[in-house]
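Using the sequences and the hints given, assemble the complete structure.
What follows is the residue order along each chain.
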Amino acid sequence: MSSSPDLQSSSSAAHEAANPSYRPYHPRWYRKPYPILWWLEKLAYKKFMLRELTSLAVAYAAVLLMVQISALSRGAAAYERFETVLRSPLALLFHTIVLLLLLFHSITWLNLAPKALVVRLGRRRIPNRAVLAGHYFGWLAATVLLFFFLVGS
Amino acid sequence: MSESITLQILRYRPEDEEEPVWQSFEIPRRDEWMVLDGLNYIKDQLDGSLSYRWSCRMGVCGSCGMVVNGEPVLTCTTYLGDLPPGPVRIEPLNGFPVIRDLVGDIEDFISKLQSVKPWIIRDEDKPLSEGEYLQTPEELADYMQYSMCINCMLCYSACPIYALEPDFIGPAAIALAQRYNLDSRDQGAEERMDILSQHAGMWACTFVGECSEVCPKNVDPAGAIQRYKVTTTAEWFKSLLMPWGKR
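Protein chains in written order, with the working numbering: chain A, 497 to 649; chain B, 1416 to 1662.
Hints were generated in silico from the structure; no laboratory data involved. Be aware that one or more of the hints could be misleading.
[Said to hold, decoys possible] Some chain B residues judged to face chain A by a derived CB distance under 8 Å, without partners named: (1) Y1427; (2) P1435; (3) N1509; (4) V1513; (5) D1520; (6) E1553; (7) P1575; (8) A1578; (9) L1579; (10) F1622; (11) E1625; (12) A1637; (13) G1638; (14) Q1641; (15) R1642.
Even glycine gets a Cβ: it sits at the ideal position worked out from N, Cα and C.
See below:
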């Protein structure tokens, strides 16, 4: 079944005249604008944003460590000043919040690790749970080691 | 039996509307009906102009993906009875320009899929007389999960990166590239790497992870992308330490 080209074009021309916004054979697509606050739409997106934002706490902790090393290198008086600042109630409160954010970052990070890592033992693939357990064990071991290093000294 | 349910459908008729509008339809509530059955009821009984894609009705063809109550789902595998009470809101997939009603333009996905060369690439095909390329069950298991993709594009709809950066190659295409990279018969990983290591490739992914959550076939595209990142980084380090070695 083929219609005459003349008939087709004249009918589409008439249609176009009646509906100026309609372009025959060339659909007028609608592209939905993506809201800037898209991450508020779903709990999973909010969690993702929180995970990303806690990277700031990681960056802060790294800078703090560098400041600490710098204070240490400048002598006992400088280090004492550094410690005095950290002992203030405001600093304690702030660093408690930073610690919580770091814990959230670390836990969510470690939980994602098995998705990215495929570990093999010979031809056998290590199950995800074992990969995850390995990460947590490494974290625990590092924490215990640091604890003994700091408290034992 | 006279119970009814309201489907609110985001309609877009380009000849009449500048932008999509919601339209409500009352349909009978039947527990055995999928959302797609509800749409088919509307099309058959209430408004024949409603446009949407569907084909197999058994979660295989990947045509009937839509956003139902805010979640990208296959409408042929989503029971109306499983949805919370109240009107059911049905929209076209996010991230794709809407052609009409619930039909999106998927050309972008198709061209991206082709760009990652989702087929087996061989440096040299062995002669037919030598028989098949054999594979062990372990080698099959390496890529099996990624081969389950039905190109339904729910992962694209769930991915905020794809909506914000339309150049992003996207979850399913990268997962399918990985499907062939991990296939022991394939030798095209380097060719695919040229495409996937670009900014719009795997590195655009920030691991939101929703693509894997909505995947009806448990392909885990987010995992595929992160694995790809790890492999690429390892390869890069190797080439840095041993520049004389094979890439």
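Legend entry - Broken hints, by number: none
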